[in-house]
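Numbering-wise (this note's numbering), the sequence shown opens with residue 447 and increments by one.
Just so you know, the hints here were simulated from the structure itself, not pulled from any lab data.
Note that this is a predicted model, so its numbers are computed, not measured.
We treat Cβ as the ideally placed atom computed from N, Cα and C, and that holds for glycine.
Treat the hints with care, as some may be off.
[What the hints assert, rightly or not] Now the in silico label distances, taken between C-beta atoms and shown as ranges:
{"id": "1", "residue 1": "D529", "residue 2": "G606", "range": "21 to 27 Å"}
{"id": "2", "residue 1": "R703", "residue 2": "R646", "range": "28 to 34 Å"}
{"id": "3", "residue 1": "P653", "residue 2": "A511", "range": "42 to 48 Å"}
{"id": "4", "residue 1": "K639", "residue 2": "F707", "range": "19 to 25 Å"}
{"id": "5", "residue 1": "G644", "residue 2": "A490", "range": "56 to 62 Å"}
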Amino acid sequence: MIRTVELHGHRGARGLLPENTLPGFAHALDLGVDAVELDVGLSADGVVVLGHDQLLSAVTLADTAPAWPGDPAFPYVGKAVRDLGLAQLKTLDAGVRRAGDAFAGTQRAMPGTPIPTLAEVCTLVEPSGVELAVELKTDPSWPDADISRFVAAVVEVLHGSGLGARSRLLAFDWRVLACTPREFGRVALVERKTLVPGSRWLAGGPPRDFLAAALAVGATALSPEHALTTPGLVDDAHAAGLPVAVWTVNEPEDMARLAKFGVDAIVTDYPDIAAEVLATAPA
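Let's have the full structure, built from the sequences with the hints guiding it.
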């Protein structure tokens with residue numbers, strides 16, 4: 447049966463293997479995802495690296511040793527990605543999740559797994575034909591010049607890897623979308639906290655009419671959290687010409703329900719489960 451709803455592996459396959467790592471992406475590819483979703487930051491020396499949090503999180507990362515003897519920045523966990531160079535970031539172990547975390551019970555640990563660069567992920571994904579959904583982790587406190595520099599760095603890697611045509615850039619901070627080159631897909635992420643009155647996340651657009659605001663910044667798709675996703679929202683987005691990729695959907699009943707709503711893609715931590723559900727979802 448032809449799958450009518452795309453399957454996107456969230457941070458690779460976060461529920462199964464360490465997030466935002468090469469082993470996690472490889473497993474997502476093996477499970478037959480249509481796209482791998484990942485998060486990126488920019489190191490102090492201008493390298494695009496994988497990671498969900500602007501401050502290195504002790505949930506997903508552990509210090510091993512300083513990048514060089516006597517490095518005053520060590521330990522690195524808890525510090526900002528933007529304040530550390532690639533050599534420092536590469537010392538971190540991204541393969542073991544903190545004990546007691548919800549995903550630690552389902553995720554197979556891979557001790558010694560380093561943080562990858564975006565270029566390394568592109569090398570892994572390029573032969574597969576699978577698409578990349580690259581979320582740039584910024585927030586409204588960032589100066590516009592830093593946003594532009596970050597976007598340019600990501601675009602350079604994707605172009606250099608030959609994956610420009612297979613990549614889309616995602617952001618909650620919609621200034622990212624406004625300065626993304628038009629040849630890339632531009633996905634407007636939304637969640638409840640970014641749609642409050644006075645929100646600074648939408649590049650000046652009004653939260654009360656966020657679909658129009660998304661179109662105004664050049665979005666080519668909408669990606670709402672699943673709690674916001676209703677049949678009405680899906681219909682309105684489609685009427686505006688915006689496909690809908692809903693996140694993060696981990697329960698089979700929610701996957702089936704959202705497929706019935708007519709969403710275009712489901713983003714999940716468990717691509718294995720979603721593949722089974724979507725294989726039997728009515729067209």
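To see whether the hints hold, each was checked on the structure:
| no. | hint | verdict |
| --- | --- | --- |
| 1 | D529 to G606: 21 to 27 Å | holds, 25 Å |
| 2 | R703 to R646: 28 to 34 Å | holds, 32 Å |
| 3 | P653 to A511: 42 to 48 Å | holds, 46 Å |
| 4 | K639 to F707: 19 to 25 Å | holds, 22 Å |
| 5 | G644 to A490: 56 to 62 Å | violated, 32 Å |
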